[in-house]
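Residue numbers (full-length UniProt numbering), protein chains in the order written: chain A, 1 to 290; chain B, 1 to 332; chain C, 1 to 276.
Calculated from the structure, these hints are not laboratory results. One should not assume that every hint holds.
[Stated by the list, open to error] Here are the simulated lysine-lysine pairs, DSS-like style, with alpha carbons at most 30 angstroms apart:
1) B:K329 / B:K238
2) B:K59 / C:K103
3) C:K182 / B:K101
4) C:K182 / B:K94
[Claimed, not checked] Some residues of chain C that are not near chain A, with every Cβ distance over 10 angstroms (derived):
5) T51
6) W73
7) F134
8) L201
Beta carbons: idealized from backbone N, C-alpha and C, even for Gly.
Listed below, chain by chain, are the residues.
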Amino acid sequence: MATEHSRTAARLMVSPAVILLFLWMIVPLAMTVYFSFLRYNLLNPGMESWAGFSNYTYFLKQAAFWDALWNTLTLVVGVLIITVVGGIALALLLDQPFFGQGIVRVMVIAPFFVMPTVSALVWKNMFMNPVNGMFAHIAKFFGLQPFDFLSHAPLASIIVIVAWSWLPFATLILLTALQSLDREQMEAAEMDGANWINRFIYLTLPHLTRSITVVILIQTIFLLSVFAEILVTTNGGPGTASTNLPYLVYAQSLLNFDVGGGSAGGIIAVILANIVAIFLMRMIGKNLEA
Amino acid sequence: MGQITLSSVTKVFGDVTVIPPLDLTINDGEFVVFVGPSGCGKSTLLRLIAGLEDTSSGKILIDGQDATDAAPAKRGLAMVFQSYALYPHMSVRKNIAFPLKMAGASVEEQNRKVENAARILNLSSYLERRPGQLSGGQRQRVAIGRAIVREPAAFLFDEPLSNLDAALRVTMRQEISELHQNLKTTMIYVTHDQVEAMTMADKIVVLNAGRIEQVGSPLELYRNPQNLFVAGFIGSPKMNFITGAEAAKHDCATLGVRPEHLDVVEGGPWQGVVGIAEHLGSDTFLRVHVEGIGDLTVRVSGEMGLHHGDRVSLAPQAGKLYRFDANGKAIA
Amino acid sequence: MSRKVSATRKGIVTAAAWAVGFLIFFPILWIIILGFKSEGDAIKAPLAVLTSAWTLDSYHEVQERSNYALHFWNSVILSVGSTLVALAIAIPAAWAMAFVPGKRTKDLLMWMLSTKMMPAVGVLVPMYLMFRDFGLLDSRIGLVGVLTMINLPIVIWMLYTYFKEIPGEILEAARMDGAGLKAEILYILTPMAVPGIASTLLLNIILAWNEAFWTLQLTTSQAAPLTQFIASYSSPEGLFYAKLSAASTMAIAPILILGWFSQKQLVRGLTFGAVK
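With the hints as constraints, model all of the structure from the sequences given.
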């Protein structure tokens, strides 16, 4: 609904953003694809040669890849379960009337604003350290042997750290959704004789479905590329026990200087992310229409 | 001056033709109302005249000048929107002054014209308020004020009263009519409400599916509707339409008779039973079920004490029957 | 119609909510406390920590030893800079898509969003090599560019959803009143959208401030923001709890405060307007 004049203006106004985003998307990606077919090591510059699919076969065949894939999935699913279940519980709790709502809300949201390197280091040193960490102190207080979380349960520890960062996000979104739940609907259900469990299952949960999906999909995008938390806590170890796909690609290309292999890994990561993205786009696209 | 001529104007969105070729002349100083059901293209037509939409083909002349491709601001028209479209971050004074500011008028001139408009519209004591602090009717007046100060060739109104409550609508209707009497500027007014059309217009343009069904003064349309659509649209309550055997008796496909042209008399030709009686005080509207014809709406005096289940006989007033052929065209 | 909630119930909910809130907030509270302790006290058992003496020594030491000011300044430049550049590109684009929508506007929006789905590791190698070859490694200008592009889709989306709430009729009224495109955007759209633009600005500063993939990969010292500065405490300095806490507190405090102001917009921004 507009005139030719304003449409021309609109095209002009939108083009810088489109051109920049297009270049941003296509140039590095094309280069990655190109590198992934080269034998290319940063230690031997000028020795690049065509490698065909050997980078891919090499990358896919190494045991580390399957470990990394498994770790990536475990990390994503683990954090999702904790944050969604915890988020629903917290949202239900915080939706009740109580004293000091504002302050509690602020406390609950806070971890989301803590930069990943800080949260990882704080958990690693102040809480999970087997000598001076808070958990070690508590274990000792009860006469137990302190547990070295990051050595013996590295992935689980990272899941806890990441979940702590994302729990506020899930809570905040679900709480916002809960607050838009029609009170009259609830009262009508109460008049109809539904107890609180029924009300939760038949009214609250369906009302939250859309928000839960949004939480899951958006978190998945971010969780697939968790990096800083691993870099500063375990460096992917011990062995490959806490190496995820992004960390593996990083290690391959910038620690082992194998540009070809790293690029092949990067492309594989892109393909995996796209499978998830397709679901996300459909979801958000649908919400756009609603 | 404010003569507007549309010649063979069309509007196509994608492959939907909203306005098929349309010709219309609006004379200087006329109050013209575009009326029709929602989706009939009346608002689109107004937006074409305003320049907020491009015509797909055809020409728009304003005072003889070709304005088809002119920007909205260059057409010398002012528009009052359905939502009033006041600038919420500006005071009433700044809202009204905005077109003057855009035209580069001096501050003194702005103030003089704003205060003049405010006096005409009874807004003088609200000039420093924000639109959010005003009532619906006051906002409406600010929107009109913003239009007045431009001293436009014509005013365009896009359903300006539809967001007001019934009582206020009547008042504002009268105020706009009065404004037209005072300014004598061309006004084009879009509405779906035939009562607004009848009460305000010098000339009504009845639109249906983008086509002009009929153009004429309110009483012309009331007395001589050219087709079924206009007959059904103009007049309240709606004209009764009778088809089948009764219509065939009068050599037509559809027989029309207005509720106010039916009398309750002894020994009338149509016998029926009262279904619903709506007593408004001044009038009573009866819904009468007539055997072999169907339900007819009848307007009788407010004092008539008829009720559900009463048997009545009806007679149409002489010369007040409308006859339409199978294509819906009026038979003279 | 709200009902009276029984006092006991409200009491129980209050206790539970405060307990959970405190537990979640505790790690942050703890580093704030540890930052004001001496190294020797900071590694003691929790109760002993609380009863030990308070001191500002760690803050002084962090300032002197690791050039905190430089990294703080880098964080400010990178986050504010990239957000302002993104806004400058996004305001016209969002105006166009919100008020002159075409058949492909929705596809365009979805496509912009899809660039956000690209995992960073997928382009790590070429980005690194390009930065190296253009001499942009450890430069602020290069990183401002990267952060701008990362957040541009979110900025456009947020502005788009805010602009959508401004009735098109108001802009049309301005057009009828003789306002050109520039006047329309300057006098009408921007003032009306100030709250939306402000919250977009706020949220994106937060996101850029905490971005910890490219800032870690592409900087080492001169252009390093606080994310990298803290990462350098990974070992062995991480064992100096008091200093790490002081540094961490200084790294998160500004954004924590900004973040609390933008709670509402956070939901909207991060869900691309799907949840309001």
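Taking the hints in turn, this is what the structure says about them:
At most 30 angstroms may separate the alpha-carbon atoms for a hinted pair to count; B:K329 and B:K238 meet this at roughly 18 angstroms. Among the hinted pairs, B:K59 with C:K103 is consistent with the structure: their alpha-carbon atoms are about 27 angstroms apart, no more than 30 angstroms. With a C-alpha separation of about 14 angstroms, the suggested pair C:K182 and B:K101 falls inside the 30 angstroms cut-off, and the hint holds. With a C-alpha separation of about 18 angstroms, the suggested pair C:K182 and B:K94 falls inside the 30 angstroms cut-off, and the hint holds.
With a least beta-carbon separation of about 14 angstroms from chain A, C:T51 lies farther than 10 angstroms from that chain, consistent with its non-interface assignment. Look at C:W73: its CB is around 16 angstroms from the nearest CB on chain A, clear of 10 angstroms, so calling it non-interface holds up. Taking the minimum C-beta to C-beta distance to chain A, about 13 angstroms, the non-interface status of C:F134 holds against the 10 angstroms cut. With a least beta-carbon separation of about 16 angstroms from chain A, C:L201 lies farther than 10 angstroms from that chain, consistent with its non-interface assignment.
Consistency note: the structure conflicts with none of the earlier hints.
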